[in-house]
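Q: Residue numbers (my numbering), protein chains in the order written: chain A, 44 to 159; chain B, 0 to 111.
These aren't lab readings, by the way, just hints derived from the structure by calculation. The reader is advised that the hints may include incorrect statements.
Restricting the straight-line Cα-Cα distance to at most 20 Å, the calculated cross-link-like pairs of lysine to aspartate or glutamate (EDC-like) are [to be verified]:
1) A/63 / A/108
2) A/84 / B/63
3) A/84 / B/7
4) A/57 / A/108
5) A/147 / B/53
6) B/67 / B/84
7) A/84 / A/108
8) A/84 / B/84
9) A/57 / A/102
10) A/57 / A/131
11) A/63 / A/95
12) A/147 / B/84
13) A/107 / A/95
14) A/107 / A/70
15) A/147 / A/130
To be clear about the criterion: a stretch of chain A counts as covered by chain B if any three or more of its residues have a C-beta under 8 Å from a C-beta of chain B, and this derived list gives those stretches [as the list claims (entries may be wrong)]:
16) 119–130
17) 150–156
By construction, the Cβ of each residue, glycine as well, lies at the ideal position given by its N, Cα and C atoms.
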Amino acid sequence: GAVVSQHPSRVICKSGTSVKIECRSLDFQATTMFWYRQFPKQSLMLMATSNEGSKATYEQGVEKDKFLINHASLTLSTLTVTSAHPEDSSFYICSAIAGQKNEKLFFGSGTQLSVL
Amino acid sequence: AQSVTQPDIHITVSEGASLELRCNYSYGATPYLFWYVQSPGQGLQLLLKYFSGDTLVQGIKGFEAEFKRSQSSFNLRKPSVHWSDAAEYFCAVLRGSYIPTFGRGTSLIVHP
Numbered sequence: 044g045a046v047v048s049q050h051p052s053r054v055i056c057k058s059g060t061s062v063k064i065e066c067r068s069l070d071f072q073a074t075t076m077f078w079y080r081q082f083p084k085q086s087l088m089l090m091a092t093s094n095e096g097s098k099a100t101y102e103q104g105v106e107k108d109k110f111l112i113n114h115a116s117l118t119l120s121t122l123t124v125t126s127a128h129p130e131d132s133s134f135y136i137c138s139a140i141a142g143q144k145n146e147k148l149f150f151g152s153g154t155q156l157s158v159l
Numbered sequence: 000a001q002s003v004t005q006p007d008i009h010i011t012v013s014e015g016a017s018l019e020l021r022c023n024y025s026y027g028a029t030p031y032l033f034w035y036v037q038s039p040g041q042g043l044q045l046l047l048k049y050f051s052g053d054t055l056v057q058g059i060k061g062f063e064a065e066f067k068r069s070q071s072s073f074n075l076r077k078p079s080v081h082w083s084d085a086a087e088y089f090c091a092v093l094r095g096s097y098i099p100t101f102g103r104g105t106s107l108i109v110h111p
């Protein structure tokens, strides 16, 4: 079945540095991918919708200059956390949608970001 | 606005006991409905989904869910819980044409 690969699974960085997270659809083309953020013991919060070849659509309250999303190909979307701070520490999950009616939703395994 | 409600934050059951996790949705039409499971530090794994047809849906790991239109519910059930089922469970709805909305999750604790 379709698989979404997310990398890295865990990253620790210093405050002020930037971190890039990759999300790849391995055996299907994903024109649309989603980026979620999850705080401990909480649900997934949609950050943005990433569309191939166009600008991402950000949810209200999400800083687009802080969380840069690039969807340059049909199989790859990246999320870059710029100038990371400790409050950016979180679990980030990507997902990709497929199917004729966009009814198939596949998730990456997530990235645990820890900013020191 | 569309929403998903999981009224139980925590559920504790004994191993071997039956389980039901509740999910209610608010949506104008019959949505696409999903149940996902998440182990600590992991991504989400799809347990089952409902689009149309038979309202009783069978999933992986012995889980099933029943769509009840009159109650706007999609509760997840398992007749006999195993210790390995301890995890976080999320109900989700596709809102609009494709954007998924998640409930806040229910944490399942399994006692031996």
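Q: Evaluate each hint against the coordinates.
A: So, going through the hints one by one against the coordinates:
Among the hinted pairs, residue 63 of chain A with residue 108 of chain A is consistent with the structure: their alpha-carbon atoms are about 14 Å apart, no more than 20 Å. Of the supplied pair hints, the one linking residue 84 of chain A and residue 63 of chain B is violated, its CA atoms being roughly 24 Å apart against a limit of 20 Å. With a C-alpha separation of about 13 Å, the suggested pair residue 84 of chain A and residue 7 of chain B falls inside the 20 Å cut-off, and the hint holds. For the given pair, residue 57 of chain A sits about 19 Å from residue 108 of chain A by alpha-carbon distance, which is consistent with the 20 Å threshold.
Simply put, residue 147 of chain A and residue 53 of chain B have alpha-carbon atoms about 18 Å apart, close enough for the 20 Å limit, and the pair holds. Taking the CA atoms of residue 67 of chain B and residue 84 of chain B, the gap is about 24 Å. The hint is violated against a cut of 20 Å. This hinted pair does not check out: residue 84 of chain A and residue 108 of chain A have alpha carbons roughly 27 Å apart, beyond 20 Å. Restraint check for residue 84 of chain A and residue 84 of chain B: the C-alpha separation of about 17 Å stays at or below 20 Å, so the hint holds.
Restraint check: the Cα-Cα separation between residue 57 of chain A and residue 102 of chain A comes to about 26 Å, which exceeds 20 Å; the hinted pair is violated. Distance restraint check for residue 57 of chain A and residue 131 of chain A: the Cα-Cα separation of roughly 11 Å lies within the 20 Å cut-off, and the hinted pair is therefore satisfied. Restraint check for residue 63 of chain A and residue 95 of chain A: satisfied, since their Cα atoms lie roughly 18 Å apart, inside the 20 Å limit. Of the pairs offered as hints, the one joining residue 147 of chain A and residue 84 of chain B is violated, with about 24 Å between alpha carbons and a cut-off of 20 Å exceeded.
For a cut-off of 20 Å, the pair hint linking residue 107 of chain A to residue 95 of chain A stands: about 17 Å separates their Cα positions. Distance hint between residue 107 of chain A and residue 70 of chain A is unfulfilled; the C-alpha atoms sit about 29 Å from each other, more than 20 Å. Proximity of residue 147 of chain A to residue 130 of chain A is assessed by CA-CA distance (about 32 Å); at most 20 Å being required, the pair is judged violated. Using a Cβ-Cβ cut-off of 8 Å, 0 residues of the stretch 119–130 of chain A lie near chain B, which falls short of the minimum of three, so the contact claim is violated.
Given a C-beta distance limit of less than 8 Å, the hint that chain B covers the stretch 150–156 of chain A holds, as 5 residues qualify and 3 suffice.
Taken one by one, the earlier hints fail for this structure at numbers 2, 6, 7, 9, 12, 14, 15, 16, listed in ascending order.
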